[in-house]
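Sequences and hints are given; from them, build the entire structure.
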Amino acid sequence: MASDRIFGLVALFVALAYIASATQIQTSFLADPVGPRAFPILVGAVAALSALAMIVRPDPDPAWPTGRTWVSLVVAVLVLVGYAYTLKPLGFIVPTAIAAGVLSYQLSPRPVAAAVTGVALSVGLFVLFRYALGLGLIPLPKGLF
Amino acid sequence: MDILANLALGFSVALTPYTLMLAVIGCFLGTIIGALPGLGPSNGVAILIPITFTLGLDATQALVLMTAVYYGAMYGGRISSILLNIPGDEPALMTTLDGYPMAKAGRAGDALVLSGVASFVGALLATIGLMLLAPMLARVAYLFGPSEYFALYLLAFCTLGGMASNNQAKAALASCIGLGIAMIGVDNNSGLPRLTGGNLHLMDGIDFLVAIVGLFAIAEVFFFIESHGKGSSIGVKLEKVRIPWKDIRETTPTMLRSSGVGFIAGILPGAGASLGSFLTYMVEKSIAGPKGGFGTGVAKGVAAPEAGNNAAAGGALVPMLTLGVPGSGTTAVLLALLMTLNITPGPTLFTDRPEVVWGLIASLLIANFVLLLMNVPMVKIFVKILMVPAWVLLPGVTMISFVGIYSLSGSYFDLLLMIGFGGLGYILRKLDIPTVPVILGILLGGNMENALRRAMVLSDGDMTYLFSSPISIGLWVAAIAGFIAPMFLRGVLRKPQAVTD
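For the protein sequence lines, the chains are C and Y, in the order given.
With my numbering, letter number 97 in the first sequence gets 97, and the count goes up by one each step, no holes.
With my numbering, letter number 407 in the second sequence gets 407, and the count goes up by one each step, no holes.
Hints in this document: simulated from the structure, not taken from any laboratory.
Remember, it's a predicted structure, so these values are computed and weren't measured experimentally.
Fair warning: there could be bad hints in the mix.
Stated by the list, open to error - Selected chain Y positions facing chain C (Cβ under 8 angstroms, derived; list incomplete):
hint : residue
1    : 186
2    : 187
3    : 226
4    : 388
5    : 395
C-beta atoms are modelled at their ideal positions from N, C-alpha and C, and glycine is treated no differently.
Structure, rendered in structure tokens:
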């Protein structure tokens, strides 16, 4: 009940904000009868109605993860965000090994196996992408050698 | 004979050694992708698109590779259904109902071979159906103007939303999320930015590949972390594999019927392979009656959904190629591939780029025979691959997704966006909000708006123009019925849950 209501409320606010920003879209002098605003406003309105329907008639709550699993999920997201930022400056091998290792550890908490998985995946995928598929990846940070 | 000449052209494209090799690789990868639990056809194809794109394959080759993956995944889905009681992809859910009991009774090999043959029959007949029907539909599609296209897009959202979800409001909201995202970026008509919030990264809009990989693949990783990679590796042992001629003979009528039903289910926009396998299982169950023993591990219960879902996979290509409206989640991903390759699906595809269409159809025919060979005599190899533990597989899938998206644009912003879509996908799926309409919205949003605006330009702002032709009225009626009917049918057409032991 609560989950659907909360999500519905968030969706409603996003939809209203979306409609509000759609009314601010600039039109050019070459406007067609519909213009660039109408369709986004229509979509926002349907979304707002659907969100209202979710608030009025919510479904039963799903089983949300509990404490420790939330921690794992947040760690996974943070690792991926960190990976996204470091992939370019630090080259492929090191960030990939760390990110893959941490993810592997989140799935099965055995440090040694996770570390081996991380390194093996990183090197294996690098060889695959660089030499078999010919993608231009940088293995290590520039200026190290 | 038009078709024979076209087929000859198709085979001349498909039988070049390089294309043939791509088809074989695609079949192999596809079967693996289908077989691994948690890596369905939509995920698999989505992850591979950016990589295909950076490999610099031409349009036909890329399309051949990806549709081979698509067909392969449909074949592969049955392996984990039968051996692990985990559907490798959603349409394979129905196969667990009789496949797993059959495997537990010591007939795992029989079930695998039988389902492989059923998949072959379904996919082959559907490919032939595609070959005959698609050019005809393409001719009808010439009659479609902007108002018809607008109604057609609406129909796709309505039927997909109606079928894919248990709650119409959630399906509508999902479609709106997708459509809303599609509006971001520079407006085609006026050339001015819309809804970008002043962010330069958003000027080009949000790349649908980023959204697809995020919503499907990254969200899947979060689900696996939540379940701690449980639910893999335990299963039934596969003994000797023999060909159960008797079962194959007895289930031949079932396979043929199921292929027909599945193909039609696949053509309906938005319905797709899940509906195909569900309908065929239900049809065969009611034909067999209570004495048929469905659910206890009978051969017909394995053959019907497999023929059905593979036929639906072929059928789903018909609206995708002729009208540009995908019939399922995976064909939505294939549509994304076409758009990335700068091919506009639709009736003109058949006249302007016959080598693409017929090369594709010829490759599908070839891929089917390759898949039969891979999935019957070589099935043991794929069973071995199922043993890859989740804690190696999932990080691998994540890294491949990252490299794929990164190699497209080389920007960290797209990677962050992809993680964001992963989080969104996780929450949406938790709340039972379908994610396929979101994808469809992102893919079709621009076209849908353009159709509406062109229609209004033609009619000078008269809204009644949208309902002015018999075709568009028919589509509007079908759209409304497709959205409302499932509300009443839900009690009747309840999806059976997987068997527990």
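Hints broken by the structure, by number, lowest first?
1, 4
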